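Trainee: In order, the protein sequences belong to chains A and B.
Numbering-wise, the first sequence is residues 1 to 457 according to my numbering.
Numbering-wise, the second sequence is residues 1 to 276 according to my numbering.
Hint data in this document are derived by calculation from the structure and do not stem from the laboratory.
In this text, all values refer to a predicted model and were calculated from it rather than measured experimentally.
Any given hint could be a false lead.
Simulated crosslink set (DSS-like; lysine-lysine; CA at most 27 Å straight-line) [stated by the list, open to error]:
(1) Lys-142(B) / Lys-155(B)
(2) Lys-355(A) / Lys-123(B)
(3) Lys-350(A) / Lys-123(B)
(4) Lys-355(A) / Lys-117(B)
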Amino acid sequence: MVPVYFVAIVVLAGLAFAAGRKRGFTFMPVGGGPRAHSLPTYHGLYTATAAIVPMFLLLVAWGIVAPRFVDHMALSSLPSSLAPIDDLTRDARLRDIVGIANGQVSADLALLSAGNVYAGWREAAGWILLIAGAALGALGAFWALRNLAPRFRARNRFETIVKVVLIACSAVAILTTVGIVFSVLFETLRFFARYPVQDFLFGLQWSPQTAIREDQVGSSGAFGAVPLFAGTTLIMLIAMLIAGPIGLFAAIYMAEYASRRVRAMAKPVLEVLAGIPTVVFGFFAALTVAPMIRQYGEMLGLEVASESALAAGIVMGVMIIPFVSSLSDDIINAVPQSLRDGSYGIGATKAETIKRVVLPAALPGIVSAFMLAVSRAVGETMIVVMAAGLSGNLTFNPLEAVTTVTVQIKTLLVGDQEFDSAKTLSAFALGFVLFFFTLMLNIIALRVVRKYREQYD
Amino acid sequence: MNDASVSASTAAAVAATGKPAPSTNQAKVHAADVNVYYGEKQALKSVSIDIPERAVTSFIGPSGCGKSTFLRCINRMNDTIETCRVTGTITIDKADIYDSGLDVVELRARVGMVFQKPNPFPKSIFENVAYGPRIHGLARSKTDLEEIVQTSLKKASLWEEVKDRLAESGTGLSGGQQQRLCIARAIAVSPEVILMDEPCSALDPIATAKIEELIDELRENYTIIIVTHSMQQAARVSQRTAFFHLGVLVETGETDQIFTNPIDRRTQDYITGRFG
Ligand SMILES: Nc1ncnc2c1ncn2[C@@H]1O[C@H](COP(=O)(O)OP(=O)(O)OP(=O)(O)O)[C@@H](O)[C@H]1O
Ligand SMILES: [Mg+2]
Numbered sequence: 001m002v003p004v005y006f007v008a009i010v011v012l013a014g015l016a017f018a019a020g021r022k023r024g025f026t027f028m029p030v031g032g033g034p035r036a037h038s039l040p041t042y043h044g045l046y047t048a049t050a051a052i053v054p055m056f057l058l059l060v061a062w063g064i065v066a067p068r069f070v071d072h073m074a075l076s077s078l079p080s081s082l083a084p085i086d087d088l089t090r091d092a093r094l095r096d097i098v099g100i101a102n103g104q105v106s107a108d109l110a111l112l113s114a115g116n117v118y119a120g121w122r123e124a125a126g127w128i129l130l131i132a133g134a135a136l137g138a139l140g141a142f143w144a145l146r147n148l149a150p151r152f153r154a155r156n157r158f159e160t161i162v163k164v165v166l167i168a169c170s171a172v173a174i175l176t177t178v179g180i181v182f183s184v185l186f187e188t189l190r191f192f193a194r195y196p197v198q199d200f201l202f203g204l205q206w207s208p209q210t211a212i213r214e215d216q217v218g219s220s221g222a223f224g225a226v227p228l229f230a231g232t233t234l235i236m237l238i239a240m241l242i243a244g245p246i247g248l249f250a251a252i253y254m255a256e257y258a259s260r261r262v263r264a265m266a267k268p269v270l271e272v273l274a275g276i277p278t279v280v281f282g283f284f285a286a287l288t289v290a291p292m293i294r295q296y297g298e299m300l301g302l303e304v305a306s307e308s309a310l311a312a313g314i315v316m317g318v319m320i321i322p323f324v325s326s327l328s329d330d331i332i333n334a335v336p337q338s339l340r341d342g343s344y345g346i347g348a349t350k351a352e353t354i355k356r357v358v359l360p361a362a363l364p365g366i367v368s369a370f371m372l373a374v375s376r377a378v379g380e381t382m383i384v385v386m387a388a389g390l391s392g393n394l395t396f397n398p399l400e401a402v403t404t405v406t407v408q409i410k411t412l413l414v415g416d417q418e419f420d421s422a423k424t425l426s427a428f429a430l431g432f433v434l435f436f437f438t439l440m441l442n443i444i445a446l447r448v449v450r451k452y453r454e455q456y457d
Numbered sequence: 001m002n003d004a005s006v007s008a009s010t011a012a013a014v015a016a017t018g019k020p021a022p023s024t025n026q027a028k029v030h031a032a033d034v035n036v037y038y039g040e041k042q043a044l045k046s047v048s049i050d051i052p053e054r055a056v057t058s059f060i061g062p063s064g065c066g067k068s069t070f071l072r073c074i075n076r077m078n079d080t081i082e083t084c085r086v087t088g089t090i091t092i093d094k095a096d097i098y099d100s101g102l103d104v105v106e107l108r109a110r111v112g113m114v115f116q117k118p119n120p121f122p123k124s125i126f127e128n129v130a131y132g133p134r135i136h137g138l139a140r141s142k143t144d145l146e147e148i149v150q151t152s153l154k155k156a157s158l159w160e161e162v163k164d165r166l167a168e169s170g171t172g173l174s175g176g177q178q179q180r181l182c183i184a185r186a187i188a189v190s191p192e193v194i195l196m197d198e199p200c201s202a203l204d205p206i207a208t209a210k211i212e213e214l215i216d217e218l219r220e221n222y223t224i225i226i227v228t229h230s231m232q233q234a235a236r237v238s239q240r241t242a243f244f245h246l247g248v249l250v251e252t253g254e255t256d257q258i259f260t261n262p263i264d265r266r267t268q269d270y271i272t273g274r275f276g
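Based on the provided sequences and hints, a complete structural model is requested.
Mentor: What follows is the structure, encoded as structure tokens:
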């Protein structure tokens, strides 16, 4: 019924628009005379909105109320022998009933009739929605049509409507974010109720194996997250050592040295790197880079784990090169040409100008580009899963296997686990730490960028 | 404003300054048959001119006539534009500046430039002025450098206003102060020629008056070429004036003569405000 309802909204809105616009034309002066306040289109838009809004609100309200009502009617039609005694049985009954309503067969006559009741009410609720909605929409449109007058400010009204719609959209984005943050925060607090915060933040041992059966030995895991933070930092540092210089120098070449033709070709190619799925980078890291490093390492007489932080870091570095280079390139381009001219005008060479004028002027922006790249590196999972391993070693040796925060989150949540075991909850705590870290990085980066903008405006 | 009042006021300005005729000065910059192309488009057509030493020469003419283009030829700033091509000869002290053996970097140290919009670097006032001496290695010690910065700021009559805040950012100064800072920055490398492209167009009348006064002082030691849209300004600060029109150098002469008794019809039309 809901798809039909949407069709109804569109049809009614269209009709309302046409009617409002027609009305609007009657306000237009025929030969001179005082002009109507708004053009006919605005009268039409205003009328259409007056039809859409109530219909939409009704749909939302119906979506909240109707399912409960239908459930209730079906359940209360059950004979007392089948009446649910607690939430669990209630859910089970409902599942049966909905199944029957959707065409399943059942031998139980009482359930069958309840299923029919359910289907009947569901049908009825749909029709009620459609009819009530159409009536409301028409009412809204008529009310709006009555408001229309030559001096009616339909144009300004519509402006307000546009504003409200835009606010609603940004509210959805913001509320979702806030909602996610709070749900993660909530689960994190549940974890800390079972496991001390300081042990989590400063503990040196990470072995989240908890018992599946109550009586199993070693059932309490150790959730010291320091090895994960260390592993994340190590891989991030390796990645930035690769991506920082290469990305920055590529950006300088693009912005300052490349001719327009080279730039037009090279820039998109570099940005294609950013579009490669990380899983592709991941198997590249695991199947090509890691064995290669191992081979070289052994030639030099070093002991290299088959999954190493170095392999993951290098590949991740390659992956984030375009982040650094593309952002830095934009920032370097934003440095006013007049500064370069000033420097050339005194007899500075290109390299001197870049080093002493362009880069210092662009530095805050470049720093923030680096920070965004870091937060990208820290949040990356796939490459590390595939190339760096899962063992929570506390080490800064890039040739050993390490693990990162994101990888552990993924591992903790995959597989059969009770949802409220400490193991699962610890994933939320890790997620929260990660979120907090990247949030801080982003805030700092944005501030730096803003400060930089002020200089030239 | 009608024609008569413009020419009257510029003539009055010329009369008021009453400068000595500089035609005795030797030619510092000499250009012969200079053509400039931006891609296919020709922006300057066979420009030949002598610019006297230790005097102010002004370039006037309607927008787009090639004044900036010619100015930028004199320190080869046009090299930074990919599509730009220059033919003909320009010499400074009889040495060809487009000679392949010439070092552009050295040339630009000898020929300073001040731009239309003040463009101090986002560095401290001190660092702005010290920039040129540093890259050219003009100062042997820190005291040397401080000395250069101080004299340059003094010559640009900015010292009194900024001596207590040399460490503050150059971008924090007022527009007029910024422009004088840019002049100080250019002076700091002891150039012989200073090119100024509409140095006052972003400034208010008081700041403009200050800069004009400064230009008049600088004329003792430097050869100055200034592009301006204000004929009053040209009359006030320059001894010689060159009039450009549609990429052609129409007429050059003593400033008084150009403004009171132009030879070419187009010059006359321009200074009386009939076009441009
Ligand atoms: N970078 C460039 N690329 C292509 N054409 C250019 C470029 N710079 C200037 N030109 C052209 O060359 C001609 C002369 O320009 P120029 O800037 O020298 O004029 P101008 O006399 O300084 O004008 P204004 O008084 O407005 O500053 C103009 O037609 C302009 O369009
Ligand atoms: Mg110009």
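Trainee: Given the hint that Lys-355(A) pairs with Lys-117(B), does the C-alpha gap stay at or below 27 Å?
Mentor: Holds, at about 23 Å.
Trainee: Would the pair Lys-350(A) and Lys-123(B) pass a check requiring their Cα atoms to be no farther apart than 27 Å?
Mentor: holds (18 Å)
Trainee: Given the hinted pair Lys-355(A) and Lys-123(B), is their Cα-Cα distance within 27 Å?
Mentor: Within the cut-off at roughly 13 Å; holds.
Trainee: Need the status of pair Lys-142(B), Lys-155(B): alpha-carbon distance at most 27 Å?
Mentor: At roughly 20 Å apart (the allowed maximum being 27 Å), Lys-155(B) and Lys-142(B) satisfy the hint.
Violation of the numbered hints given earlier is absent; every hint is satisfied by the structure.
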